[in-house]
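Visitor: Residue numbers (our numbering), protein chains in the order written: chain A, 17 to 116; chain B, 872 to 1872.
Worth flagging that the hints you see were computed from the coordinates, not collected in a lab.
Bear in mind that the values here come from a model prediction, so they are computed numbers and not experimental data.
Take the hints with a grain of salt, since some may be wrong.
What the hints assert, rightly or not - Label pairs and their computed distance ranges (CB to CB):
#1 G1742(B) to R43(A): 38 to 48 Å
#2 R62(A) to S1841(B): 43 to 53 Å
#3 T51(A) to K1158(B): 48 to 58 Å
As the list claims (entries may be wrong) - DSS-like mimics (lysine-lysine), calculated; alpha carbons at most 27 Å apart, straight line:
#4 K1005(B) to K1019(B)
#5 K1246(B) to K1158(B)
#6 K70(A) to K1609(B)
#7 K1554(B) to K1764(B)
#8 K1158(B) to K66(A)
#9 K1759(B) to K1609(B)
#10 K70(A) to K1158(B)
#11 K930(B) to K1005(B)
#12 K1005(B) to K1389(B)
A virtual CB, placed ideally from N, CA and C, is assigned to each residue, including glycine.
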Amino acid sequence: MMLIPCPWCGPRPECEFEYGADATVQRPEDPSSVTDDEWTEYLYFRDNPKGWHKELWFHRTGCHHWFVTERHTVTHEIAAAYPPSDPPLPAAVTDEEGPE
Amino acid sequence: MKSATPRQVGRTAAGGTGIDREQPLSFTFNQYRLEGYAGDTVASALLANGVRLVGRSFKYHRPRGVFGIGSEEPNALLHIGDGARRTPNVRATVQELYPELVATSQHHWPSLEFDLGAAIGLFGGLFPAGFYYKTFIASPERWLRYEKYIRRMAGLGDPPPEADPEHYAHRHAHCDVLISGAGPAGLAAALAAGRAGARVILVDENPEAGGHLLLAPQQIDGQPAAFWAAAATAELQSLPNVRVMTRTTLAGVYEHGLFTLVEKITDHLAEPEAHLPRQRFWTVRAKDAVFAQGAIERPIAFANNDRPGVMLLSAIRGYLARYGVLAGRTAVLFANNDSVYPAARELAAAGLRIEAVVDSRPYTTEASAQARADKLRVMNGHAVVGARGMRGIRAAEVALINAAGDVKGIDHILACDLIGVSGGWNPAVHLHAQSRGGLAYREDLAAFVPQSAGGPYRNAGACAGVYDLAGCLRQGFAAGAAAARALGVDQAHEPPAPPVQADPTGPLHALWAVEAPKGAKRFVDFQNDVTTRDIALAHRENYASVEHLKRYTTLGMGTDQGKTSNVVGLARLAARRGEPIPAVGTTTYRPPYTPFTMNAMAGGRHGEIGRPVRRTAVHDWHAANGAVWTDAAGWARPMYYVTDGQSAQERINEEVLAVRQAAGLIDVSTLGKLDIQGPDAAKLLDRVYINNWSNLAVGRGRYGVMLREDGRIFDDGVTMRLGEQHFHMTTTTNHSSKVYEFLEYLLQVVWPDLRVFVTPVTEQWFAAAISGPNARALLADLAPDLDVSNEGFPMMAVRETVIAGIPARIFRISFSGELAYEINVDADFGLGIWNTILAAGVARDLKVYGTEAMGILRIEKGHFTHAEADGRITPDDLGLAGMVSAKKDCIGKRSLSLPGLTAPGRLQLVGVMAREGESIPVGAQIAADGNLDSPQESLGHVTSHGYSATLGRHIGLALVRDGREAIGRSLYAISPVQGQKASVDVVAPCFYDPEGHRQRG
């Protein structure tokens, strides 16, 4: 069970959270102007990295905030956690695979 | 009950560091009443009494005896206790003896001594690995016929006949350093870290700390090693920053420093105090860990090496040192390493006749030369190739063996009743591997050891492949000090290691198995009866990866998880593959380290505590008035209310008719309620519902449907506009949390620019609906100042008023299809308003109704629930395409035009009516052919159904392919599994008042 660092509450056990979504996926601004393929890509296609993953968590039995974590899918190391509209400066994680 | 051996023939006159000869006690094993001492395990006591046959093996029902001395034991699995407290598959080697303990052997019929199941051994050739698949794949129905016999033959112990009466506890802890194993390395690490001031938790699965020091008489600092262990333990227990936990297993290693422990509290007590939990399950967050669980001895496979009387060498030695027990009278000791020589010396001194030491190494060592000088018969360059005797060993067959492991005929048959075997040691790398640490293979040990710096935690002692006692102490001190330093706890330094006098550690010559005459079984995994032939077969059939070998043969899949067999097995596979052992590798190590009862993991979370019941404000009233409960998202909801003598169906019919003909009252508090406020509140609703909301007038409500982004229906409900910037949304009971989380996701992540607050208020409001032709009159009685006329309080309007002094919000909405009002009050006043409504309702023939009647009413109206909108269903499938606004985007709107969601052949909502007198089977499929035996395609399925008192027949809603075109057809609702069917007419999905006059009037 991971310890997830909620940006508001600090590190809390994983059971307090609900996993939400892949944070690298953006909802198209104007869905009516995208092709069926583009829309299906948005709905279903996800990278499944063996390495760093940006994802959204909901602090379900806590502050009810959504936030982004950068987690390594093999070691579960969490390198960063921040509010969705407040991404960190580019230098935070540069490696595409392998723990720091 | 006959009594066997009246005295303990295997007990020495004195000695045994673990037993208290001043405390004799009695226990029973099967029909025997036997004696032992406090401090014994069941295994040591059985051996002391000369009991050699303790069980029958899993597949072949071969006679088996005690093999080891600890949790690695594969054979001696017994039932301990009886009745509800009976625990199956308990290792006799770890079960502490207490007065009047009841132990019974497992898995034999009619008796342990004479087991008909052993006949299977005669046909052993027919039951190799993979036999189930090969035998039954061609005709699976044969499996159904023979399954019950096979299940009776296989398996181990019997579960207890009643629910577990014990209670279990959960505890949580934090520490700086968690140390597993209180042998020399673990104690040393704990001393170093504890003295430095680190918070230490030291755990050991045994009742006393000391580990291997208790099993072999070595010396530390001039005294018996056991004394050193006791002194170290005492010092640790005196330190306030150290917790010593014995009888505690480190079960699993997880991420972010999480470890689980299972602590046994009463399993060793005859009469535990009632307040004690039987076991405690701990979750520990530790900053660092030292793994010091030691190493597990491994055997060498030879013909019939599973007979009672074949034991691990270190176990024989340990039974003497710890329990004062000699496991036999005459022994042959067989090893490929030096540990056999101190063992032989100790055993001979205690009175065991050593017929021979069979040393398979092609060279002599100092230890073997010394033993020969001490007049021990040492046979270098020989191997035990077979054991004779079935229910107990009679003799060992010995042959010459060369450096390559080739054997030449049998040249000695040595009479003996005990064979001790040692093929070397495997460091217990399980926890290191669970923490994703890497393993390296050491040729000199012929074993896998933790790679140094290969994982996040530290390994020390035999666990790390260090087998000499001095080395264990040194490594332990170093690991503990390093852990403390890394935490910045102190200027931690390593205590100097005391001088030791310990066993020799000469070279080991790898030997996994010796050849056997054709037909003789050489066992690798005793618990699952896996032989060397099974491994060869698996390889021949191309199950050549170690993970395939495991699953195909079940090697290492028993309750012992292959502790004494995995490495032997993979070495044999490597030999077959002609590759070095590291190329084969090990299988994945998974928690728990040893099995433990699920109840420990549950702790107190079972029954009502495990699944807390959510109660509405009038729960007690329901209970007192005959409510029969169902569960909806954890809420207790009444299905119907029983009164004397009525059947459930009779009562449900009454409730349905009451609503249709007079008035009904139902508690609908469980449905989700969300308070939505802000300048952009209407905009949010436009974006999440398929229909329009910005144009909804204040004081009015509207039915809304929400989609998932893939266009499938997510949830639905009526939402009322209480103000320009204020809405009250309702959701289904089951999805209230999900809808709230989704709205928060949209507001925080997708549209952070929207200015809206959403607050869940499901529990804050009590809601009850009054429905039926008398509902208006009843409302007038309750709120005389309210204009309840159809013009004054139209359909879908909101009114606020006061009823019996209680402020109330009233929504004129209807799920039943009758004239209806939903009365919402502060939950604290729920019971008050309920009683007020009931009192006023007497004059209006008001009847309380539950979810079953509500279900019938809404099916009659064709109102869907998640039974219909099951996650695959779009608005058009339910005939709601017209509800989707063309003028705006919403979540899921884009998906509705995807080809898959507009293709013909989709399931569409229809109604089904059974013929009079017929009933629709539960879980029915819709089919064109009423013949239950003929294979055919399903045209769809019934989603909800029941007996409609309104219509006098069974009706249902169904999803049928191209259902709207099927309206008017006669089909069948069939359940081949239950052998039931009904003829049904497919109709439009609304059976009652399709124009909605009754609810709008």
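Visitor: Run every hint past the structure and note whether it holds.
Guide: Evaluation of the provided hints:
1. G1742(B) to R43(A): 38 to 48 Å: The hinted range 38 to 48 Å is violated for G1742(B) and R43(A), with Cβ atoms some 21 Å apart.
2. R62(A) to S1841(B): 43 to 53 Å: The hinted range 43 to 53 Å holds for R62(A) and S1841(B), with Cβ atoms some 46 Å apart.
3. T51(A) to K1158(B): 48 to 58 Å: 52 Å, holds
4. K1005(B) to K1019(B): 18 Å, holds
5. K1246(B) to K1158(B): Since the Cα atoms of K1246(B) and K1158(B) sit roughly 54 Å apart, the hinted pair is violated (cutoff 27 Å).
6. K70(A) to K1609(B): Holds, at roughly 22 Å.
7. K1554(B) to K1764(B): With Cα atoms ~15 Å apart, K1554(B) and K1764(B) stay inside 27 Å; holds.
8. K1158(B) to K66(A): Holds, at about 26 Å.
9. K1759(B) to K1609(B): It holds: about 24 Å lies between the C-alpha atoms, which stays within 27 Å.
10. K70(A) to K1158(B): Since the Cα atoms of K70(A) and K1158(B) sit roughly 26 Å apart, the hinted pair holds (cutoff 27 Å).
11. K930(B) to K1005(B): 17 Å, holds
12. K1005(B) to K1389(B): Measuring from Cα to Cα gives roughly 23 Å; hence the hint holds.
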